[in-house]
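Student: So the chains spell out like this:
There are 2 protein chains.
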Amino acid sequence: MRTPLGAIAVLFLSAIAVAQSQPQLNLMPMPASVQTGTGQLAIDRSFSVAVTGVHDASLDREIQRFKTQLSRQTGISFWPKADATPTLTVHADHGREAGQRLGEDESYELTVTDSNALLQAATALGAIRGLQTFLQLVQITPAGFAVPMVTIKDQPRFPWRGLLIDVSRHFIPLDVLKRNLDGMAAVKMNVLHWHLSDDQGFRVESKQFPKLTGMGSEGMFYTQEEIRDFISYAHDRGIRVIPEFDMPGHSRSWFVGYPKLSSGAGPYTLDGDGIEPITDPTREETYKFLEKFIAEMAKLFPDQYFHIGGDEVDGKQWDANPKIQEFKRTHGMKNNQDLQAYFNQRLQKIVAKNHKIMVGWDEILHPDLPKSIVVQSWRGQASLAMAAKQGYSGLLSYGYYVDLMWPASRHYAVDPMAQTTTDAAATLTPEEKSRILGGESCMWAEWVTPENIDSHIWPRNAAIAERLWSPQSVADVASMYTRMNAVSLNLEWLRLMHRSAREPMLQRMAGDADLSALRVLADVVEPVKDYNRWDDARGPIDFHAPLNRMIDGVYPESDVARQFNDLVHTFSQSGYKDQAAEMQIRNWLTLWRDNDAKLNPLLSQSLLLRDDVTLSQNLSALGTAGLQALDYIDKSQAPPDSWKTQQFALIAQAAKRSDDLLLMVAAPVQQLVEASAGATQH
Amino acid sequence: MRTPLGAIAVLFLSAIAVAQSQPQLNLMPMPASVQTGTGQLAIDRSFSVAVTGVHDASLDREIQRFKTQLSRQTGISFWPKADATPTLTVHADHGREAGQRLGEDESYELTVTDSNALLQAATALGAIRGLQTFLQLVQITPAGFAVPMVTIKDQPRFPWRGLLIDVSRHFIPLDVLKRNLDGMAAVKMNVLHWHLSDDQGFRVESKQFPKLTGMGSEGMFYTQEEIRDFISYAHDRGIRVIPEFDMPGHSRSWFVGYPKLSSGAGPYTLDGDGIEPITDPTREETYKFLEKFIAEMAKLFPDQYFHIGGDEVDGKQWDANPKIQEFKRTHGMKNNQDLQAYFNQRLQKIVAKNHKIMVGWDEILHPDLPKSIVVQSWRGQASLAMAAKQGYSGLLSYGYYVDLMWPASRHYAVDPMAQTTTDAAATLTPEEKSRILGGESCMWAEWVTPENIDSHIWPRNAAIAERLWSPQSVADVASMYTRMNAVSLNLEWLRLMHRSAREPMLQRMAGDADLSALRVLADVVEPVKDYNRWDDARGPIDFHAPLNRMIDGVYPESDVARQFNDLVHTFSQSGYKDQAAEMQIRNWLTLWRDNDAKLNPLLSQSLLLRDDVTLSQNLSALGTAGLQALDYIDKSQAPPDSWKTQQFALIAQAAKRSDDLLLMVAAPVQQLVEASAGATQH
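Which chain is which? The protein sequence lines are A and B, in order. Position in the first sequence (first residue = 1) + 345 = this note's numbering. Position in the second sequence (first residue = 1) + 345 = this note's numbering.
Hints listed in this document are in silico derivations from the structure and should not be mistaken for laboratory results. What you are looking at is a predicted structure, and each value in this text was computed from that prediction instead of being measured. For each residue, glycine too, the CB sits at the ideal point set by N, CA and C. Among the hints, erroneous ones may be present.
Taking CB as the label site, the calculated pair distances span [what the hints assert, rightly or not]: (1) 945(B) to 391(A): 22 to 32 Å; (2) 945(B) to 405(A): 39 to 49 Å; (3) 822(A) to 924(B): 23 to 33 Å; (4) 459(A) to 924(B): 31 to 41 Å.
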């Protein structure tokens, strides 16, 4: 029988939480300049918006969405009186352009008094950014909903602030992408980099080459009509859409329908067989195909930039093909890099003929390519700076891969223009620096589905968005986490599921059993980091396998573990004397110690949970170890060496991955055990 | 600063929950006949469905939805091998009819072995019902997802199992209605009664009379194209759509655009002014209007039944109009009931001319009306039985008003054919009984919005659905709650928000503060019952007011209070000796006692919560009182009379409504205090 009794929150655990800080503005990204006042502007049902300046249909739609969003946030439907003074006046000098340009003016000024607000921008695009700031300013107060008095002057640090979404490895439907566009707009990102083809699927309808999706998508693709609608949806939100068609590698899906494009014999299926097929750059038919294909896609995607991938070319098929080897010899090419550069040069001419600027990953950088191309770096700032020195424009993605399951703070610390003198960017001239256009977070989709992709992007992506928009000096991690949590809550009103999807996923694993004990475990684990979920020893990834286990449902970053870490730090800083902190640490440890007894019966009842038995036992063991350590600390009594040895072994065991998950509270418990060893000294 | 520390569940509270009962089938409504076996049919990614028998496009679409739904429930995408034996074979002898008829065969047989399943039905409609049963049978097991071996033979008890949704008082968009249709189909309801017009808004586009929505809807209405799409959506799910245009009362919205239809002088606005305008039944122009209007609507809504309302006619405008008084005298009418009967007769002829059967509320029952009409009773079974005796068909809605905030058990106990000998239905002949077609739950929309309407319908509506589908003997309340909880979880996969909407609504009230303490309070309160949220002394209801307070976010029925009640009952049944039960009771009481100290600071920070200060204090007081009572019980020591007097006064205070909410744990705490008074006796 299902019991709701466990669905209650543990109050004793939150009682001694970190003290509420002073009211602050929960803005993310933080604007370039913020001056706060002391009053507030009430938001009630008389709220109204007036538009002065240019008339722009896209801005009008944004204001409609803004009002819908404000209604959701507040639960208020607006019924302003016909002749009332507008609450918010929006003024833009210039309307939207048909195509959004890189570097288009996104600045705005927002002034809020206790009687009204004025949003001014040179462009409608700037006004769109400012409206999102206004939404973040709305808060509940004792007097109702209100926006604090404030003057904000804001503009972005970098003109290119993107999110890459891979829709090849797992197909992501448009409704999910659209709500992520809404999220991007909320944090002022302006580029969706749409990774539309890879080995596992080709996702765009081509009328020229219908077998691309007909044989290479398992029926999961976007029609051209859908894509036009999607681009228009993005444009309304001030977001450019850049398509990526990855070649010559990462392109098995092309070859299922068109095997002659490949450097091998074929035939191919979407399922990997260990050999990575790549495009044959030596046949003229390849370029005839690409001429037609790129012309079609260049029309479909209006943005000025066109991404051709170019990463991770596994040259085995080239090496194995005598004709290709012969071609290399004939053309005096030393290696496969030269061959890829040849391919890229040909490709770049086709892209340029279609009035597009070619973008590609690090590997496309080659002296034979013109300076007009843009290099997207997954290798790091040094690589980016080197490109800038050579005259190439670049984007940083290194450090922004959200599929690596890093904490937000780690992404946040990565700056496209790293500050330290040892960093390459420090040696750049201003002109060279201006070639660093910004960056992109990357959501590679090996391990996400429409169900959990939101939680793999959000809220961490908001921290990356801030890094790319806000002044470089905005770097306080504690402030970032506070504001990111507030923004995360606000993003829910956009129907993003980054928080809410976990509960039904856990319920699916647990059947109709009570979830309390499972939540306790889920709250302190994180997926393994980097690309450690899979290794080649396991064979190729099975992209049809269900993603319905614990690792798929939990959040990439554990807030509970971070807070517990902070608590132990506070306790340590006090010389292990802060009793309030200790009480709270004890409460957590007790919860964990006792959890396995409750959770264990459930784990054995579900195939989806039975591999988490060790994890649950380890959490309990950590709880016990931590409590014993506190006892030694309290008694100022050094524990016996045998105990310490035993605890360190146990903690080392608990820190190991189990069911592809990591117990994130092993380290702070270790800290307590270490502290207890020195307990006689204080 | 927001802390996640409170987001953890209280394990110690759930530890001693009611013991897990034997695995059971979480079916709702319970089928007419269920025979269980001992094996199970695995549901894995090779799952496939074959269709034999009739080819039917509607059934094909249902099977597609079925597979989507099964994928959501399990997290598995299905990739059956091309030549594999189908897991489930669906066989229907006859396809869907263009229009679904009352009484159409909905029976099916479902046989599940450990190797495959067979669903057989005379009609595709029956197969649609059986597929929903299959979805409910899927559960997670140690071996993965599976359906237990079972043989089910099933058919409904009543042919008319409806849900009324009022979209006039608060407009409900089609996406919200559609997910509710999905929910209805999941519990085998087959009629959506669409209350499309009332004083507060006229919601259907009329091309004949565009001012109905042009002036009477505030722009919130459905176009005819949307309605056709919606009806087709419902038809696919085996749901008939019956429109209701309420007249001659409840029709202010008509008169805003067409004041001459009314019995007063007008002009009218949608805002009430205390006087209820009603249709003028004495002018021939009224009938000319209705001839045209009903002809248009009869085409738009294909169902054979057409609801004209007819309830709660406030005759003041008739009484005040000399011409209407003169008409009554001329026609020998004794009272306004006679005048309404005259109107209904005229109306019935128009409805019949359009080949429809007229349905109306209790009040339309009048000897002058033909026996072909259907009476929907909000007055009760006696009224329904009386109509059946007179030859009228009828539907029960009394007892099924979900807006009254009753617990599911109370709705569940209401049977259209009440069993007791004193009940009117007991005296009916079989033929008369057959005139009782079923019933309808009613979601009147004074206090719901698109945001919280799901939670006001679900899961309680599933209990009503069972009452109308399952054999009368299916009546065990504990079983009902267990199964209703399981079905409630399953309904989430249909995107219904009945559970998930509460969290963001509470967060809106709390700003970005931690919600733990607020959840504890929200878990034990219910909205005031019946129509006690509002009384006339407060003036007319303001339908533009935000519905964003505690009462709007909490569930109509508190699971925690019900479980706590059960715990106290268990403790009492043990002669107050069951230590496990007592421990758990103590844990709850301690949680509540300590809650106000944590919650109080938050309440004062939000306009939306500041009226809940008393409620929170009262909950703490109940916790203290209950704990003291337990101490007396434990010590077998009678408390002093002064203490008892004080506690009873305090409990009486806590049981009173506060901010339109009721603390549902006052009664069990009172029981503990009463028990402590007799503590010396055991």
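Student: Give a verdict on every hint.
Tutor: How the hints compare with the structure:
Remark: the range hint 22 to 32 Å for residue 945(B) to residue 391(A) is upheld by a beta-carbon distance near 31 Å. Between residue 945(B) and residue 405(A), the C-beta spacing of about 45 Å keeps the proposed range 39 to 49 Å intact. For residue 822(A) and residue 924(B), the Cβ-Cβ distance of about 48 Å falls outside the hinted range of 23 to 33 Å, so the restraint is violated. With their beta carbons about 60 Å apart, residue 459(A) and residue 924(B) fall outside the hinted range of 31 to 41 Å.
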